[in-house]
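Listed below, chain by chain, are the residues.
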Amino acid sequence: MNKGKDFEKKIKKAEKTAYFALFFSSIASVLLLLAVYNPTLSIFKSNETNTIYSDVIEDEDKIENGIHLRTGLIEAEGLMTVINNCTNCHSAKLVTQNRMNTERWNATIKWMQETQNLWDLGENQKIIVNYLVTNYPVKPKGRRMNLENIDWYTLN
Amino acid sequence: MYIVQLINSIIKQTTLDRRSFIKKSVLSSFTTLIGADIVFGSNIKSGYTPIALQNQDPFKLFGKNKEMVVLNDKPWNIEAKAHLLDDKITPNSSMFIRNNGRTPDKINAKDWILTIDGESVKKTKTYTLNDLKTKFKKHTYQLTLECGGNGRSEFNPPAKGNQWTIGAVHCASWSGVRLKDILEDAGIKSNAVYIGYHSFDTHLSGDPSKEPISRGCPMSKALQDETLLAFEMNGKDIPLIHGYPVRLVAGGWPASVSGKWINRISIRDKVHDGTKMMGTAYRVPKNPVAPGEKVKDEDMCIIESMPVKSLITYPKTGAIINKGQKLKIRGHAWAGELEVEKMEYSIDFGSTWKTCSVKKPANRLAWQHFSAAIDFPKTGYYEVWARATDTKGISQPMLLPGWNPKGYLNNACHRIAVKVV
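Quick mapping for you: the protein sequence lines, in order, are chains A and B. If you're matching positions, the first sequence starts at 1362 in the numbering used here and goes up one per residue. If you're matching positions, the second sequence starts at 43 in the numbering used here and goes up one per residue.
Any given hint could turn out to be false.
Said to hold, decoys possible - Calculated Cβ distances over 10 Å to all of chain A for the following chain B residues:
1. ASP129
2. SER215
3. ASP279
4. LYS312
5. SER413
6. THR431
7. GLY435
To be verified - The calculated lysine to any residue pairs, modelled on SDA-like cross-linking and capped at a C-alpha distance of 25 Å, are:
8. A:LYS1471 to B:GLU340
9. B:LYS108 to A:TRP1513
10. B:LYS167 to B:HIS181
11. B:LYS318 to A:TRP1480
12. B:LYS202 to A:LEU1440
13. A:LYS1454 to B:PHE104
14. B:LYS222 to B:SER256
15. B:LYS336 to A:THR1457
16. A:LYS1500 to B:VAL337
17. B:LYS338 to A:ALA1468
18. B:LYS328 to A:GLY1503
19. B:LYS358 to A:ILE1511
20. B:LYS202 to B:LEU441
21. B:LYS336 to A:ILE1489
22. B:LYS328 to A:THR1476
23. B:LYS202 to A:MET1473
What the hints assert, rightly or not - Computed spacing ranges between beta-carbons, pair by pair:
24. A:GLY1433 to B:LYS278: 29 to 37 Å
25. B:GLU109 to A:ILE1424: 23 to 31 Å
26. B:ASP417 to A:LEU1508: 17 to 25 Å
27. B:VAL235 to A:ILE1424: 49 to 57 Å
28. A:VAL1499 to B:GLY321: 17 to 25 Å
Everything labelled a hint here was simulated from the structure, so no lab data went into it. Yeah, the Cβ is synthetic: ideal placement off N, Cα and C, and Gly gets one too.
Turn these sequences into a full structure, and let the hints guide you.
Okay, structure coming up:
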């Protein structure tokens, strides 16, 4: 009986130690994560820090009719590279409303790296710029375009 | 439970800041660390999404007309259409939004403090909102604010940035104190050159050391009667998206001078060197350049007064009228620091121009209202073009004005399509 109780005690002690270990390792991992992802501890300052609004779609990368739904980007070679590198800080809308050639996109990337904390894109830069100039080519506009997409209505 | 909450808030924060792959990696690293995947898994799957992250309707969020056009949702950039700007004093529902960074949380007006500092302030001084409201005289002006990049979408070759068409302009009624009353109260040294503003909005990258925008203007503009530190828009508290609780309003200049969510103004002994004052931001070439030409930074100069411009706000483009029916048109015209002296319209692509009647501005820097009644000689497709001329005799061009690298100052004539049947 004694042996059995001793064993039970030991088990309980071991269990306790395990819980302690689990508890402290949890704390350590939380601190580690904070250090990595939130060194300024801004998540504690307010529940409503930075009000950012974005669409939440169940399947984040759902594609319909050749369009990546969450971002509105055209499905083509390089899509995910563009999404992963170009939509962290700003909306994809800022990408799709701009039509530039290779040289100007490269200059824009350089500007974002110099002033907007964009990281070194390495090999991905070529993939990204190629995606942009292929899928969002510059449209000739001349000195003044015709009025387009007129919604005609009767005015009495 | 506390740990679970913590982890949730980290995941929440991570989804805010980064993309899903990071969220997933955080999730999986936690799963391995403490083997509690059920807790997180269920939370993520049930779509634990903070209210701020849910698919929000910007029109409801900011009280905007459903016909406004969202150019960008991170940061928010929303523009009006010409016919939405028909009111003499623009209501919030039709006012464009141009954000450079993340909108700050609603600031408690009681805690708000304005600091006046800088090399050329006699003594750094702070003011509460109550100080502004009780110790200084309140003034109200209608002031035209137009984004420097309004019309950018038409430039060829294209200029990078938000592709504004015609709707980044408004003229609301602003109330507040004169900036000069505050600056003079703090004391301006004789070597003062410029003011630079600082505000509560945060950088898109989340980098707390960066300001999304910090612009300003020369002392001469800062000291004008109409340059306000405004705390009311159209008789009410300024909506959050337009700069609550206090913003600068410097009518007639690029709207970026009219900083939102102001918390500090520096009186500088040199041209302010804050974010978007330098390089090519809000600057145009000193000398005219060919479309697409490269321009060195030192050959660019800061935009000050906006150019003469007008908009036909009634009728909406696309009107079909019967032959013999007169078409009444109306709209607004403005000219930066100047006034509009003459307003004309053409229905034959500029071959002939007829005069519109144009009213005096409600006050300096407010837009002016014009109207005309047009007869059409025969049935067919027409475009009604409007052209304003300022007090210096400068008119709007029918074609695009001089190309510039960032696509600013497009004041080409506005036009609407009309069919006579």
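Hints and how they fare:
No Cβ of chain A comes within 10 Å of the Cβ of ASP129 (chain B); the nearest lies about 19 Å off, and the non-interface call holds. For SER215 (chain B), the condition that its CB be more than 10 Å from all CB atoms of chain A holds, with the nearest at approximately 27 Å. Distance check for ASP279 (chain B) against chain A: the nearest CB is about 18 Å away, which clears 10 Å, and the non-interface claim stands. Remark: the non-interface label on LYS312 (chain B) is consistent with the geometry, its nearest Cβ contact in chain A lying 21 Å away (cut-off 10 Å).
Under the 10 Å C-beta cut-off, the non-interface status given to SER413 (chain B) relative to chain A holds; the minimum distance is some 16 Å. No Cβ of chain A approaches the Cβ of THR431 (chain B) within 10 Å, the least distance being about 19 Å, so the stated non-interface status holds. Interface exclusion of GLY435 (chain B) from chain A stands, the closest Cβ pair being 23 Å apart, more than 10 Å. At most 25 Å may separate the alpha-carbon atoms for a hinted pair to count; LYS1471 (chain A) and GLU340 (chain B) meet this at roughly 19 Å.
About 19 Å separates the Cα atoms of LYS108 (chain B) and TRP1513 (chain A), which keeps this hinted pair within 25 Å; it holds. For a cut-off of 25 Å, the pair hint linking LYS167 (chain B) to HIS181 (chain B) stands: about 22 Å separates their Cα positions. Among the hinted pairs, LYS318 (chain B) with TRP1480 (chain A) is consistent with the structure: their alpha-carbon atoms are about 21 Å apart, no more than 25 Å. Distance hint between LYS202 (chain B) and LEU1440 (chain A) is fulfilled; the C-alpha atoms sit about 21 Å from each other, no more than 25 Å.
With a C-alpha separation of about 19 Å, the suggested pair LYS1454 (chain A) and PHE104 (chain B) falls inside the 25 Å cut-off, and the hint holds. Of the pairs offered as hints, the one joining LYS222 (chain B) and SER256 (chain B) holds, with about 19 Å between alpha carbons and a cut-off of 25 Å not exceeded. Between the alpha carbons of LYS336 (chain B) and THR1457 (chain A) the distance comes to roughly 23 Å, so the proposed pair stays at or under 25 Å and holds. Restraint check for LYS1500 (chain A) and VAL337 (chain B): the C-alpha separation of about 23 Å stays at or below 25 Å, so the hint holds.
At roughly 13 Å between alpha-carbon atoms, LYS338 (chain B) and ALA1468 (chain A) fall within 25 Å of each other, so this suggested pair holds. Of the pairs offered as hints, the one joining LYS328 (chain B) and GLY1503 (chain A) holds, with about 23 Å between alpha carbons and a cut-off of 25 Å not exceeded. Taking the CA atoms of LYS358 (chain B) and ILE1511 (chain A), the gap is near 10 Å; set against the 25 Å cutoff, the hint holds. Pair hint LYS202 (chain B) plus LEU441 (chain B) holds up; C-alpha atoms about 20 Å apart against a cutoff of 25 Å.
A threshold of 25 Å between alpha carbons decides the hint, and for LYS336 (chain B) with ILE1489 (chain A) the separation of about 23 Å falls inside it, so the pair holds. Between the alpha carbons of LYS328 (chain B) and THR1476 (chain A) the distance comes to roughly 24 Å, so the proposed pair stays at or under 25 Å and holds. At roughly 12 Å between alpha-carbon atoms, LYS202 (chain B) and MET1473 (chain A) fall within 25 Å of each other, so this suggested pair holds. For the pair GLY1433 (chain A) and LYS278 (chain B), the supplied restraint of 29 to 37 Å holds, since their beta-carbon distance comes to about 35 Å.
GLU109 (chain B) and ILE1424 (chain A) have their C-beta atoms about 29 Å apart, which keeps the hinted 23 to 31 Å range intact. For ASP417 (chain B) and LEU1508 (chain A), the Cβ-Cβ distance of about 21 Å falls inside the hinted range of 17 to 25 Å, so the restraint holds. Look at VAL235 (chain B) against ILE1424 (chain A): about 54 Å separates their beta carbons, and that is inside 49 to 57 Å. Look at VAL1499 (chain A) against GLY321 (chain B): about 23 Å separates their beta carbons, and that is inside 17 to 25 Å.
Of the hints listed earlier, there is not a single one the structure fails to meet.
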